[in-house]
Amino acid sequence: MSDETVNATPVDQAYEAKAWPLPGKRVLLARDEPLRLDSGFRLHDIHVAYETWGELNADKSNAILICHALTGDHYVVGPHPVTGKPGWWEQIVGPGKVIDTDRYFVVCSNILGGCMGTTGPQDVNPDTGRPWGLEFPVITIGDMVRTQRLLIDHLEIDTLFAVVGGSMGGMQVLEWAAMYPERVFCAVPIATASYHSAQNIAFHEVGRQAIMADPDWCGGDYHAHGKRPHRGLAVARMAAHITYLSEPALTRKFGRNLQDRDAVSYGFDADFQVESYLRHQGSTFVDRFDANSYLYITRAMDYFDLSERHGGQLANTFKKTPVRFLVMSFTSDWLYPTRENREIVHALNAGAANVSFVEIDSDKGHDAFLLDEPEFHKVFEGFLEGCAEHRGLKRKRP
Amino acid sequence: MMMTPDNPKAIRVDLQLIADMIEPGTRVLDVGCGNGTLLDYLWHFKQVDGRGIEISTQGVQACVSAGLSVVQGDVERDLKNYPDDAFDYVILSQTLQAMWEPRDVMTEMMRIGKRGIVSLPNFGYWRLRLYLMFHGRMPVSENLPYQWYNTPNIHFCTIRDFVALVKDMGLTIERSLFLDDTGTSRTIGTSVGLANWFGEQGVFLLRK
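If you read the sequences in order, they're chains A and B.
Residue 121 in my numbering sits at position 121 of the first sequence, with consecutive numbering throughout.
With the second sequence counted from 1, adding 398 to any position gets you my numbering.
What the hints contain is simulated information worked out from the structure, not anything from laboratory work.
A virtual CB, placed ideally from N, CA and C, is assigned to each residue, including glycine.
Hints may contain errors.
[Stated by the list, open to error] Heads up, simulated SDA-like pairs for lysine to any residue below, C-alpha to C-alpha not over 20 Å straight-line:
#	chain 1	residue 1	chain 2	residue 2
1	A	320	B	585
2	A	320	B	482
3	A	320	B	483
4	A	320	B	478
5	A	319	B	476
6	A	320	B	481
7	A	319	B	483
8	A	378	B	453
9	A	319	B	479
10	A	253	A	263
11	B	478	A	354
12	B	512	A	354
13	A	319	B	453
14	B	478	A	253
15	A	319	B	481
16	A	320	B	447
17	B	478	A	352
18	A	319	B	484
19	A	378	B	456
[As the list claims (entries may be wrong)] Just so you have them, the derived chain B footprint on chain A, three or more residues with Cβ under 8 Å:
#	segment
20	348–357
21	376–384
Whenever a hint applies, use it, and build me the whole structure from the sequences.
If you want it as structure tokens, here you go:
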């Protein structure tokens, strides 16, 4: 664990060295016809960076789309090209794992507004030749899903066997099922909600204000000034990271333990391990994430309210949906608590949908969906197995 | 626990009786579905579109892991979320006696389902009557293995009690069976008195 402080100017070699192309695939979409965003803006020439694993079968019925969370990307497995760390869903995706790449064709793309290859505010606006910055249109979860649909069209897949994802990934899963029910066989929204709560909007606002209060943010135009609001972005990450954990998890991991010292310093160094940990989280995050992307994506999450298009009735969103759902929540997740996941289930029940729901017992907080949780994996795998049977896919090799 | 048509597994006699009441290819909700034995059987042998509700984490995990569509939830809180006539059959298998408000659950069952199927232990069964009479203590048996202080069965009734409730609610009994201690099923029909003495369990197919 590093003891870097956020007050020191972080060295940003990794980000600076991130000259495109990063590994993985990238395609230019919406060339002939622009994508109409929820805001009304027409966005054209959208780059989408993505990665695939496994092979698409002859009748194209074994494709699984993974939707990533706020600070995730399409590097689901394998070492991350910027950080060198293992992929964020290494636990779930791979040969013989829950999402078995020997069996399924797995796709994950960087979201619209992201900063790992898909068009976002750090990219050059093709109409002006200058970085978008804050002129980038405000996007929504629906816009992210529309962009993914362009990619799935490009891959010539009619019906996805499954769309899966946790947290903001789960919101995209719900949007997929709501917007394109005929193109999704089963959907697995995990640790998510059908709308962003006041508390979650509040936490995001703290993060955004931290970024915007950093003088290096330069009103969003930091690229032109050769600067990066690293301090603000690090603080945003620190605040957000707390919400991904739980009080028991923090206590178990750190307690009141001191960092590399026997006694408190009577100063403002990172005396406590938990402080050091958070500072580390903040300082490493800025190496791989763009501050304006963070503003845009958190905004998209805040705007998310699936029932809005249906007169505030979530049940109407999913009325007579053919999609099979598995909703999962975690007992200690206070960011997207079981209650909010259950609201999705109730709406699906009201629409007489085919839905399963399990609350997984875990003390690891919201991040449990990224971690080694055997019960979670077992249920997830069993559900996919059952759906594969209904879909007529071959059974798993023994 | 997954069973396949080429690997049939015997299920409990009362579950078999319920399964026999269900037309193939229908929509079924099993309320309090446990580890999904009945739903699994119905999917494989009756091709039903089955759903379940179960409160225990282990039960739900077993069901979903086996590919069944089951929601973890509290029956008495969650049934209200389902629309009217959403299912051809709603099943309460050995569940009603564990509810706080059995009558309300029955009302919801008949609202959600075109038909309801209820199986329950009969507290009027002669062995239980004798147990209480001679021991002076709450009956404990193979089917009812709990002590009074740890039993989940908080609302026991007899077959006669249940028939009276059904009548009071204005429901029609389409079929009714009781299971005796040899595991043989017999039609209750008009012989409620006989069933009430010799039935260990009763199974009822109800409609509005």
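Evaluation of the provided hints:
1. 320/A / 585/B: violated, 39 Å
2. 320/A / 482/B: holds, 14 Å
3. 320/A / 483/B: holds, 14 Å
4. 320/A / 478/B: The given pair, whose Cα atoms are some 18 Å apart, holds under the 20 Å limit.
5. 319/A / 476/B: Judged against 20 Å, a Cα distance of about 18 Å means the pair holds.
6. 320/A / 481/B: holds, 11 Å
7. 319/A / 483/B: Measuring from Cα to Cα gives roughly 15 Å; hence the hint holds.
8. 378/A / 453/B: OK: residue 378/A and residue 453/B at ~18 Å, within 20 Å.
9. 319/A / 479/B: With Cα atoms ~13 Å apart, residue 319/A and residue 479/B stay inside 20 Å; holds.
10. 253/A / 263/A: holds, 19 Å
11. 478/B / 354/A: Roughly 17 Å between the alpha carbons, so the hint for residue 478/B and residue 354/A holds.
12. 512/B / 354/A: Holds, because 18 Å separates the two Cα atoms, which is no more than 20 Å.
13. 319/A / 453/B: Distance of about 25 Å is beyond 20 Å: violated.
14. 478/B / 253/A: Status violated; Cα separation ~42 Å.
15. 319/A / 481/B: holds, 11 Å
16. 320/A / 447/B: holds, 14 Å
17. 478/B / 352/A: Holds, at roughly 12 Å.
18. 319/A / 484/B: holds, 12 Å
19. 378/A / 456/B: Within the cut-off at roughly 12 Å; holds.
20. 348–357: Answer holds; 8 residues pass the 8 Å Cβ test.
21. 376–384: holds (count 5)
In summary, the numbered hints that this structure violates are 1, 13 and 14.
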